[in-house]
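Protein sequence lines correspond, in order, to chains A and B.
FYI, the numbering for the first sequence is 0 to 259, going by numbering that gives the first Met the number 0.
FYI, the numbering for the second sequence is 0 to 148, going by numbering that gives the first Met the number 0.
Read the hints as simulated data drawn from the structure, not as lab findings.
A few of these clues could be false.
Claimed, not checked - Some but not every residue of chain B turned toward chain A, in silico, with C-beta under 8 Å:
#, residue
1, Gln2
2, Val13
3, Val89
Stated by the list, open to error - Take a look, some chain B residues computed to stay more than 10 Å from chain A by CB distance:
#, residue
4, Ile5
5, Ala15
6, Gln26
7, Ser28
8, Gly36
9, Ile70
10, Lys78
11, Ile85
12, Ser87
13, Asp95
14, Arg101
15, Thr102
16, Ile115
17, Gln132
For glycine and all other residues, C-beta sits at the position ideal for the given N, C-alpha and C.
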Amino acid sequence: MMDAIARLGKNTLDFLASFGRASQFLLGVLVGVPKPSVGLPLLLKQIYSVGVLSLVIVVVSGLFIGMVLGLQGYTILSDFGSESAIGQMIALTLVRELGPVVTALLFAGRAGSALTAEIGLMKATEQLSSMEMMGVDPLRRVIAPRLWAGFLSMPILALVFSMVGILGGMLVGVEWLGVFEGSFWGNMQASVDFRDDVLNGVIKSVVFGFVCAWIAVYQGYDCVPTSAGISSATTKTVVYSSLAVLGLDFILTAVMFGNF
Amino acid sequence: MAQRTIEIIVGLFVLAGMGAMMFLALQVSGLSLAAAGSTYTVYADFTDTGGLGPRGRVSMAGVQVGSIESIELDRDTFKARVTLSINSDVNNIPADSAAMIRTSGLLGEQYIDISIGGDLESLQPGDNFYTTQSAMNIERLISNFASGR
């Protein structure tokens, strides 16, 4: 019994300590931005590996999710004879919710885990400590470009996801099931508002990108430098990012669309 | 990979993001690049606005000619005072026209339809619609029917 309480206390303290370290780490990275001449090429390289290489999975999933939404929406809406509202349903679901959230989940799985494993391996093979020995700050040289790359890529990926999803929904709704194209776009444009829907979706994806990238680089940087440590850090990245994204999504949705 | 190739690919990636943003802005949310043309304001009082909301559509003969600016309650008459902004190029609405609240489709959104009168004078900015017809309320219709009125 006492053991259990002691363990609980230790776990809580461990959690608090790790949260504290993560915040300190974030501050260090955000303050320590490298000079543009050095940092920009590094940043571009990371945007390439974090953002551009995630584009394929984002486009393919976006297309299929849009198509499924079109199909499901049509089945439900045609019961009420209002299948022309399908455009508005697809667009609102994608722009407000699925775009940012699913992209963030894919991003955590595709890019976040890779970031963690890469940084973890650098730590395990003592590349980070040799950098420190040479007087190069690994936070600036290695971590900062990766964090910023994730932060900058996520909104772009989410926008592309929403666009491809809407086009996929159009493919199913208009081309296949024969919803009139004019009412498809017309209903969509009448109900989607640029500031309330599109921009709020972008804000969501910015927040998610920040959280996912932060968790990924921190877990890599903080991992136990063994192969088991790297594997558990990678798992933690995906689990924590997914939970953080879904939890934050609820809060952001309540604030943005909650009407209270 | 050469630095230049990476730069080009990342440039394309960012362009794709901007393209998606433009698509969502123009095609999906129907934002138009042309600045909103000049409008003038007229008012209409309704006893019941139903589900009418700001930014709603104002149309004549099915063509959109303006939008709903705001809806507020008139404290003296207890009617809803709806402010309509009408495109300036539609400046010849007969003064005895009626504003009525209609629903597009069975479950669609509500909008204001202006039915044309025969007056030779036209509505001036700041004028009121003389006749209005409030939103059709299905519950009220049914209760009227059931009570035989």
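Quick rundown of the hints versus the structure:
Hint on B:Gln2 holds. Least Cβ distance to chain A is approximately 6 Å, under the 8 Å limit. Checking B:Val13 against chain A by beta carbon gives a least distance of about 7 Å; that is within 8 Å, so the hint holds. Hint status for B:Val89 relative to chain A: violated, with the closest Cβ pair at about 20 Å, above 8 Å. For B:Ile5, the requirement that its beta carbon stay farther than 10 Å from each beta carbon of chain A is not met, with the minimum near 5 Å.
Not every C-beta of chain A lies more than 10 Å from that of B:Ala15, the closest at about 6 Å, which undercuts listing it as non-interface. At roughly 7 Å from the closest C-beta of chain A, the C-beta of B:Gln26 falls inside 10 Å, breaking its exclusion from the interface. With a least CB separation of 4 Å from chain A, B:Ser28 falls inside the 10 Å interface cut-off, contrary to its annotation. Residue placement check: B:Gly36 keeps its beta carbon more than 10 Å from all beta carbons of chain A (closest about 18 Å).
Its beta-carbon lying about 16 Å from the closest one in chain A, B:Ile70 satisfies the requirement of being farther than 10 Å from that chain. The Cβ of B:Lys78 lies farther than 10 Å from every Cβ of chain A, with a closest approach of about 25 Å, so its non-interface assignment holds. Listed as a non-interface residue, B:Ile85 keeps its Cβ farther than 10 Å from every Cβ of chain A; the least gap is roughly 18 Å. Listed as a non-interface residue, B:Ser87 keeps its Cβ farther than 10 Å from every Cβ of chain A; the least gap is roughly 23 Å.
Interface exclusion of B:Asp95 from chain A stands, the closest Cβ pair being 30 Å apart, more than 10 Å. No beta-carbon of chain A comes within 10 Å of the beta-carbon of B:Arg101; the shortest separation is about 14 Å. No beta-carbon of chain A comes within 10 Å of the beta-carbon of B:Thr102; the shortest separation is about 12 Å. With 10 Å as the threshold on Cβ separation, the claim that B:Ile115 sits away from chain A holds: the shortest Cβ distance comes to roughly 24 Å.
Distance to chain A confirms B:Gln132 as a non-interface residue, since its nearest Cβ pair spans about 22 Å, more than 10 Å.
Hints 3, 4, 5, 6 and 7, counting from the list given before, are not met by this structure.
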